[in-house]
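Engineer: Here the protein sequences come in this chain order: A and B. Per the working numbering: the first sequence = residues 1 to 182. Per the working numbering: the second sequence = residues 1 to 276.
Among the clues, some could well be false.
Covered stretches of chain B, as calculated for chain A (at least 3 residues, CB under 8 Å) [stated by the list, open to error]: (1) 35 to 43; (2) 48 to 55; (3) 118 to 129; (4) 138 to 149; (5) 162 to 168; (6) 185 to 193.
To be clear, the hints were calculated from the coordinates, so they are not data collected in a lab. None of the values given here were measured: they were computed from a predicted structure. Glycine included, each C-beta is placed from N, C-alpha and C at the ideal position.
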Amino acid sequence: MNRFQNVYLVRLFRQNKMLFYFILIFVFFQAYFNQKRIHSFPWFVWDMYSRTQAMPDTIIQTEVFIDGERLDITKIPIWEELSILNTYKMYNWQRINNYNDPMNEAVLSRTKIFPEQVYAFVAYKINNHSDEAATYPAWLKEYLEKILHRKIKTVELRDVQYKCENGEFKEIHNSWSVLKIE
Amino acid sequence: MKSLLNFHISNRDSFARVVFGYFLILLLYRFHSSTFLVYAYGQPMKGPELDYTFWLSLCSGFPHYIIQHYWACMIIDFAVVFFTIACLVSGKYRYLFCRLLIIFFFIQRITIETYACAHSKSMSAVFIALLPFCLKKDRDFDLLMEFARYFLVFIMVSSAYHKFSNGLLFSPQNFVNVLISQHSDLATLNPQHICYRIASHLITHPNLAALSYLMLFFSQAVFIIGFFTRRIDRILFLVLVIFAVITYFIMRIYNLDITILGLTLIYFSNNKKTEV
Numbered sequence: 001m002n003r004f005q006n007v008y009l010v011r012l013f014r015q016n017k018m019l020f021y022f023i024l025i026f027v028f029f030q031a032y033f034n035q036k037r038i039h040s041f042p043w044f045v046w047d048m049y050s051r052t053q054a055m056p057d058t059i060i061q062t063e064v065f066i067d068g069e070r071l072d073i074t075k076i077p078i079w080e081e082l083s084i085l086n087t088y089k090m091y092n093w094q095r096i097n098n099y100n101d102p103m104n105e106a107v108l109s110r111t112k113i114f115p116e117q118v119y120a121f122v123a124y125k126i127n128n129h130s131d132e133a134a135t136y137p138a139w140l141k142e143y144l145e146k147i148l149h150r151k152i153k154t155v156e157l158r159d160v161q162y163k164c165e166n167g168e169f170k171e172i173h174n175s176w177s178v179l180k181i182e
Numbered sequence: 001m002k003s004l005l006n007f008h009i010s011n012r013d014s015f016a017r018v019v020f021g022y023f024l025i026l027l028l029y030r031f032h033s034s035t036f037l038v039y040a041y042g043q044p045m046k047g048p049e050l051d052y053t054f055w056l057s058l059c060s061g062f063p064h065y066i067i068q069h070y071w072a073c074m075i076i077d078f079a080v081v082f083f084t085i086a087c088l089v090s091g092k093y094r095y096l097f098c099r100l101l102i103i104f105f106f107i108q109r110i111t112i113e114t115y116a117c118a119h120s121k122s123m124s125a126v127f128i129a130l131l132p133f134c135l136k137k138d139r140d141f142d143l144l145m146e147f148a149r150y151f152l153v154f155i156m157v158s159s160a161y162h163k164f165s166n167g168l169l170f171s172p173q174n175f176v177n178v179l180i181s182q183h184s185d186l187a188t189l190n191p192q193h194i195c196y197r198i199a200s201h202l203i204t205h206p207n208l209a210a211l212s213y214l215m216l217f218f219s220q221a222v223f224i225i226g227f228f229t230r231r232i233d234r235i236l237f238l239v240l241v242i243f244a245v246i247t248y249f250i251m252r253i254y255n256l257d258i259t260i261l262g263l264t265l266i267y268f269s270n271n272k273k274t275e276v
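So that you can see chain A by itself, here it is in the shape it has in the complex (with noise of 0.2 Å):
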């Protein structure tokens, strides 16, 4: 028993008993959600650039426009970049789905066992609604004039298809306008 009575665990146990079942309960959430590879705050399951990546034949990268001129959104700092990125994308993927949030599939399995009131509920609470994204392209001005620190007239946001050939983009002169904010 001598053996243990340093390792972590037992002097945790021995000192202070609220924080080893605290200690205890974290660590069975880790490490159900690292099997799970679920990434819930404030567990931390990091398998980034840890799985298979195929090389994409094309990608779609968005450009933003401001005032007819292209934004070189790499040299804004990286979370603005993100944050108009993500959004945009979040704004896109709606749009494309009739604004029926695709979302909707994971809460409609997560609250499977639950009464009917609490899926709509939580699909009230977790989906975006197409009067939410209404407002975006106002938003999204907005927070380009404050990040950019003067006023804009008109923003426009293009996906540009590239093509990948050994490891170079290429653009293969397809293009579409997907948002205009005037």
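Given chain A, work out where chain B should sit, using these hints.
Structural biologist: Okay, now just chain B, sitting in the frame of chain A:
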């Protein structure tokens, strides 16, 4: 090198000043990157992904309420900065201020990440690093610090394990594919960016890319030693800092959040006995 490994944090108070000083620098950087609620105010699209904590938070309604009210965004942002400074300067009530800091920082992060549709996973590391300061007794503080240290060791080893178990160490082309996908924005918009120039060199030399992936793996796998001894904790800390810097230049991702958890390695290497 010797002097680099020879810095001292003599007690809990001076260690707290290092942690909260570093945390304040991270906050300044966040402010510079518009990662404060006042910048995201009014954003309508939410992206909680599959994260249960984000789902529960959205069901409770607080992120939606905060993002819709400018004064709420201001208060939360202000509280985070205020309690960080309070933790930095106050010794006696630090445990109380830290509890409040964790609550406000949690609210801020959940709201901003939900409405930016972007989750920075490494944020967990910041919370675990701050948690010990919420405890008043030195004994409990040490116990939770030890847990934080184990948590860091675990996430590094776990990440290395995923790389190994997915067979990526023996697939030289895989890291090239990762780099191509990771830097598609730089490749098309700003190929002169230093990160892309480094990545581009690796993309055109797959063997070099495979070697750098192996080095990345070893820099994480070496943390397994941390489960058995604290003798090389300072070296592990240095490895972590180098890892954070290199992943920025190769992958253009910020791992500075994780380095705050790395400070636990310094705390134990200075104060406590070296055997686990």
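Engineer: For the region 162 to 168 of chain B, do three or more residues have a beta carbon lying closer than 8 Å to a beta carbon of chain A?
Structural biologist: holds (count 5)
Engineer: Count the residues of the region 118 to 129 of chain B whose Cβ falls closer than 8 Å to any Cβ of chain A, and tell me whether that reaches three.
Structural biologist: Three-residue rule met by the region 118 to 129 of chain B, so holds; n is 9.
Engineer: Quick check: the region 185 to 193 of chain B, covered by chain A? Criterion 3+ residues, Cβ under 8 Å.
Structural biologist: Our answer is that it holds, as 7 residues pass the Cβ test (under 8 Å) against chain A, meeting three.
Engineer: At least three residues with a C-beta closer than 8 Å to a C-beta of chain A: is that true for the region 35 to 43 of chain B?
Structural biologist: Since 5 is at least three, the answer is holds.
Engineer: For the region 138 to 149 of chain B, count the residues whose Cβ lies under 8 Å from any Cβ of chain A; is that count three or more?
Structural biologist: holds (count 6)
Engineer: Tell me if chain A covers the region 48 to 55 of chain B under the three-residue, 8 Å CB rule, please?
Structural biologist: It holds, with 8 qualifying residues against the three required.
Of the numbered hints stated above, none is contradicted by the structure.
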